[in-house]
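Asker: Chains Z and E, in that order, give the protein sequences. For the first sequence, the residue numbers in the numbering used here are 1 to 732. For the second sequence, the residue numbers in the numbering used here are 1 to 491.
Just so you know, these hints were derived from the structure itself, not from any lab. Certain hints may be false.
List time: in silico DSS-like cross-link candidates among lysine-lysine, alpha-carbon distance up to 25 Å [stated by the list, open to error]: (1) E/Lys469 to Z/Lys220; (2) Z/Lys220 to E/Lys379; (3) E/Lys379 to E/Lys339; (4) E/Lys142 to E/Lys128; (5) Z/Lys220 to E/Lys465.
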Amino acid sequence: MTAPQPATAAAAPHAAAVATHCPYCALQCAQTLTSTPGERLPLAVAGREFPTNRGGLCQKGWTSAEVLRASDRITTPMLRIAGGGFREASWDEALDLVADRVAALQAESGDDAVAVFGGGGLTNEKAYALGKFARLALRTRLIDYNGRFCMSSAAAASNRALGMDRGLAFPLADLGGADAVLILGSNMGVTMPPFVQHLAGVRSRGGLVVVDPRETVTAKLTADGAGIHLAPVPGSDMVVLLSLLHIVLAEGLQDARYLASRVEGLDEVRRSVASWWPERAEAVTGIPADTLREVARLLAAASPSRGGRGAYILTGRGVEQMAQGTDCVNAAINLALALGLIGREGSGYGPVTGQGNGQGGREHGQKSDQLPGYRMISDPAARAHVASVWGVDPAVIPGPGVPAVQLLSSLGTPGGPRALLVHGSNVVVSAPNATAVEQRLRALDLLVVCDLVPSETALLADVILPVTQWAEEDGTMTNLEGRIIRRRAAVAAPGEARSELWILRELAARLGCDALFSEDAETMFDEMARASAGGKADYSGITYARLDAGEELFWPCPASSAGEEPHPGTPRPFLEAFPTPSGRARMIAVAHRGPDDDVRPDATTYLVTGRVLQHYQSGAQTRRVRELVQAQPEPFVEMHPLLAERYGLTEGAVAFLASARGEAMARVHLTTDIRTDTVFMPFHWAGAGSANRLTNDATDPTSSMPEFKVTAVEIRAAHQLRPAPELEGATR
Amino acid sequence: MRIVVIGHGMVGSRFAQDAASRIPDAHVTVLGREPHAPYNRVLLSSVVAGKAAADGIALDAPAHERIDVLQGVAAAAIDRERRIVTASDGSLHRYDKLVLATGSAARIPQIQHVATPDGLVAGVSVLKDLDDAQGILDALPKARRAVVLGAGVLGLEVATGLAARGIAVTLVHHAERLMERQLGSAASAVAAGSLGRLGITVITTTSVTRVLERRGRVSGVVLGTGAEVLTDMLVMCAGTIPETTLARRAGLPCERGVLVGEDLASPEDPHVCAIGDCAQPPEGGSGLVAQGWDQSTRLVDLWAGARTARPRTEDADTTNVVRVKATGLEVVTMGLSGKFEHGERELRAVRISDPAVGRFVEVVVSHGLLVGATVVGDKTTATELQALYTRMLPVPADPAHLIVRPIPGAAATRRSVADMDDDDTVCQCNGVSKGRICAAIADGCASPEDVSRATRASTGCGDCKPQVKELLEAHAASEDKAPVLTGAGEA
């Protein structure tokens with residue numbers, strides 16, 4: 001076995017100023033890192049001019065260097081000791097232990113006794129290596145990742161309607177020229193603030209429409225004549241879309257020529273929306289019929305066929321994280337197709353990807369049913385191609401596994417996985433029905449967590465392996481536009497933290513797998529590019545050299561033959577045709593089913609969940625940044641004063657919330673920016689204030705996305721509970 | 001299971017589709033009298049008003065390998081003994097289950113000379129199907145005046161729709177109050193005022209007793225008061241009668257409609273069910289499509305053996321929302337509305353009556369739930385109350401909050417940065433307070449870029465740049481003044 005070496009030269013600071021991108025969300029704002037010898041932090045962060053962020057950064061990005069030196073950063077492998085707590089260990093000891101335990105469990109219970117859970121924040125290279133590691137070194141079919149909680153509904157809907165899931169199918173800057181932008185269930189004003197710069201044009205023309213049950217920062221961008229905010233009853237967004245399409249068709253506002261030449265399935269969709277006339281939609285959504293008409297006409301007037309400058313429809317997790325999330329996105333795409341928006345420069349549809357590498361993370365084999373290049377693992381041709389790149393017999397690649405919620409709920413159950421390797425995910429906080437997830441993790445024989453810091457999930461582990469992050473590593477990310485960008489190392493990792501690429505190489509070797517696993521990101525990228533060749537997400541024409549030369553490359557970007565000009569990448573797919581068998585986009589008739597866990601007499605209020613500006617995902621990183629914690633120190637529940645009054649709650653009081661799955665307590669923030677039938681909780685915290693103790697793990701039948709975004713809860717003032725015994729009694 | 005559905009309207013067609021897709025062994029035959037694919041009858045008045053095209057209201061026609069639709073074929077007779085339906089084309093259809101979804105017919109009141117043996121006098125019509133709507137549309141080009149009989153939902157929609165097309169409309173209604181089943185006196189008076197503003201003449205507490213004709217077309221009507229009203233068309237919106245002819249002939253018990261139990265089956269024959277407007281369930285028929293669709297879903301649940309089969313909600317019949325689709329007249333009622341008995345239930349009724357602007361809102365709350373509401377002329381409130389009512393959501397401790405709206409736009413206006421306190425956040429993206437920006441300016445930052453570098457303000461979404469500029473300008477202005485003042489002091 002290779003003895004661990006100190007951090008390689010590649011990871012050491014090699015220039016005074018390094019161009020990279022932010023560690024957090026999918027906007028991947030460009031940053032310049034400057035080393036600051038002798039300072040408390042090893043480098044200074046500044047925004048860098050780039051087409052997406054235009055030099056802007058939010059508070060998370062500005063303070064990202066703090067996480068490099070988090071006071072509880074893990075700098076050496078840690079092993080759980082009997083009686084609780086951890087002890088430090090050498091890499092050899094930790095890796096030998098993991099390999100031995102994995103081998104023993106697999107010998108006892110079969111290859112699928114070991115499962116892998118990845119993350120949408122991992123670089124493309126790590127995501128690729130992790131999928132390959134699961135299939136070849138562990139020989140398990142059980143791998144999935146937290147992107148299942150993020151983009152799976154949008155991905156499934158895009159694939160079935162457009163034949164491809166490229167996120168935004170256009171550069172972000174294109175939004176600036178549109179006359180209308182309809183945003184459903186995304187609060188980018190808070191989650192990715194620099195995005196808002198691209199909405200300046202549409203706001204100046206009064207064409208921004210935001211659909212959100214809360215008057216969010218993004219919804220407020222419609223104020224003062226900049227557009228319209230619709231605040232539907234939670235879970236009814238899809239009816240808004242069905243009714244908008246009903247109006248477009250009833251008033252003859254559709255793009256008939258485009259529909260005739262580029263789309264199929266209109267007739268069935270026309271009939272399916274016939275029963276959503278605006279007055280009926282009004283009763284379900286709580287949005288006046290005339291307002292729906294106004295929005296439909298605004299979108300139509302902006303559409304190219306009616307002489308407008310263009311229109312865009314964007315969806316976010318608010319409409320996607322539903323048990324009908326895939327159908328809801330298809331309803332959005334149907335509307336975009338009826339207006340002739342998709343595959344036209346200056347118009348379009350796109351989901352606003354959330355996690356840093358949420359796009360790339362879903363393309364290279366972390367998904368239970370996929371191989372690199374967005375290939376399906378059940379497709380014999382895909383298996384043959386990838387097997388040839390990997391140098392193995394296609395038969396050794398396992399078949400499809402199971403999606404995240406199903407995987408997590410099977411852990412430690414009879415016949416379920418006995419070991420889990422977690423990479424770039426804090427499932428105890430971020431998964432729905434979090435209490436149950438924690439119980440499943442505790443039931444495992446072996447939990448290995450790769451993390452920077454002792455996240456809530458890491459603290460449950462048997463083995464914690466310290467890894468590098470962001471400014472300590474090289475690699476690529478694929479942003480929300482489908483643009484491939486470079487992450488570059490600027491500083492050495494502290495202590496013995498090592499890249500997951502190195503860890504996977506070491507474990508693979510210990511498990512007797514001789515397939516290529518390299519610590520060098522570029523080597524892994526080059527193999528990934530070859531594995532993706534001919535797939536939907538074709539990266540084979542992309543190299544580090546091209547990216548480092550400053551080329552703007554969007555996939556698909558196939559390799560060119562010798563002597564040919566390199567492929568320029570595809571900023572705007574679909575302009576000529578859709579990658580479907582017929583070359584046409586498919587409209588798909590969908591029906592509104594409503595929330596799985598709807599309000600009822602013993603749970604009369606809707607809970608919606610989301611984010612605050614200062615925190616990212618489970619908060620494992622941002623809750624360790626003092627400036628962010630000062631600004632947003634603790635979990636809270638946002639509610640309208642009229643609702644609060646009903647329960648005797650005042651600003652700052654502690655509310656007790658109960659759903660069919662669990663309970664949570666959080667401090668009350670009063671605001672009139674929310675419907676009186678709805679409360680909001682951010683999900684960045686663990687413990688008693690964890691929103692995901694309440695959320696529903698019912699999933700979408702197509703995408704397996706859990707229903708994070710609408711849950712029926714009952715509310716009480718916490719002080720009314722004492723000394724009532726029911727708090728213990730009710731705890732499951 | 002062989003299912004025969006009689007009626008291919010909004011309820012029959014939906015039932016057929018749901019039954020075929022959810023009951024694996026169901027073979028469904030649909031007999032539809034009208035020669036059209038199913039369409040949205042609710043929107044017929046919108047067709048008359050010109051808000052929807054006649055060919056734009058088609059509904060999803062049932063399509064399934066186990067569904068046969070016979071369009072333009074009526075049912076002629078039901079043989080319950082042998083379980084066979086005879087169709088108007090002579091074909092025979094055996095059934096295990098028969099579903100009557102025959103809907104309702106327009107009620108034609110007792111009016112002298114309203115009809116000849118050939119049918120209604122030219123220019124006189126009801127509005128029950130697409131052909132009726134087409135007939136009214138065809139008569140429009142030559143019409144200047146119209147009488148609408150009946151001020152229920154349909155009558156109000158037709159009257160406002162015709163008025164919006166520039167036709168002088170007289171609305172005649174038998175009762176004292178418009179929509180007397182839903183509206184109390186005050187609400188009715190407010191609605192009548194709104195109609196007046198739309199140019200509609202409203203005559204209540206009387207009816208049309210005689211149709212006057214000239215050259216075979218209607219030329220006027222005589223009212224119960226003896227008054228004569230000249231008109232080019234008469235549209236009768238005097239309610240509907242459940243279509244029970246077939247059921248009665250087959251010996252099924254009928255009152256107003258075909259009697260059915262909670263299970264939607266006839267008490268006399270478990271093989272025959274009725275749903276939609278033709279049915280008379282224990283709670284009574286509402287004449288609203290929501291009730292018919294709910295019955296359709298329940299019947300399919302029942303036969304599919306679904307574990308989700310849900311009973312009709314007993315407490316509040318939440319399908320019971322009545323909404324007038326009319327431009328210039330907003331009327332929505334739900335649950336308890338108009339005149340109701342306070343009875344033994346603890347009811348709180350709170351109202352605003354504001355006839356001068358055409359607004360009336362009343363909410364009825366019982367045990368913390370909204371159990372009824374009447375809203376005239378307040379779209380936003382009506383919409384929010386519907387959401388509360390249909391979902392049985394809790395209402396504010398004081399029901400008055402349900403009907404008083406915040407001043408429109410008050411919350412949306414951006415506060416001037418000059419009015420902010422030093423602790424208030426100017427740059428949301430980076431959490432920069434006004435105080436920090438002012439301090440940076442005082443320390444020498446002279447441009448927005450300087451302020452951004454010093455405080456990170458405006459480096460996120462950039463939306464606060466104007467406010468930073470404003471602070472810079474305010475500072476510059478005060479600097480300009482300072483030397484002058486100082487100079488003055490020294491002088």
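Asker: Are the hints correct? Go through all of them and say.
Answerer: Hint-by-hint comparison with the structure:
For the suggested pair E/Lys469 and Z/Lys220, the alpha carbons sit about 21 Å apart, so the restraint of at most 25 Å is met. This hinted pair checks out: Z/Lys220 and E/Lys379 have alpha carbons roughly 22 Å apart, not beyond 25 Å. For the hint linking E/Lys379 to E/Lys339, the alpha-carbon distance of about 22 Å falls within 25 Å, and the restraint holds. At most 25 Å may separate the alpha-carbon atoms for a hinted pair to count; E/Lys142 and E/Lys128 meet this at roughly 22 Å.
Note on Z/Lys220 and E/Lys465: the hinted pairing holds, with a Cα-Cα distance of about 16 Å set against a maximum of 25 Å.
No hint from the list above goes unmet by this structure.
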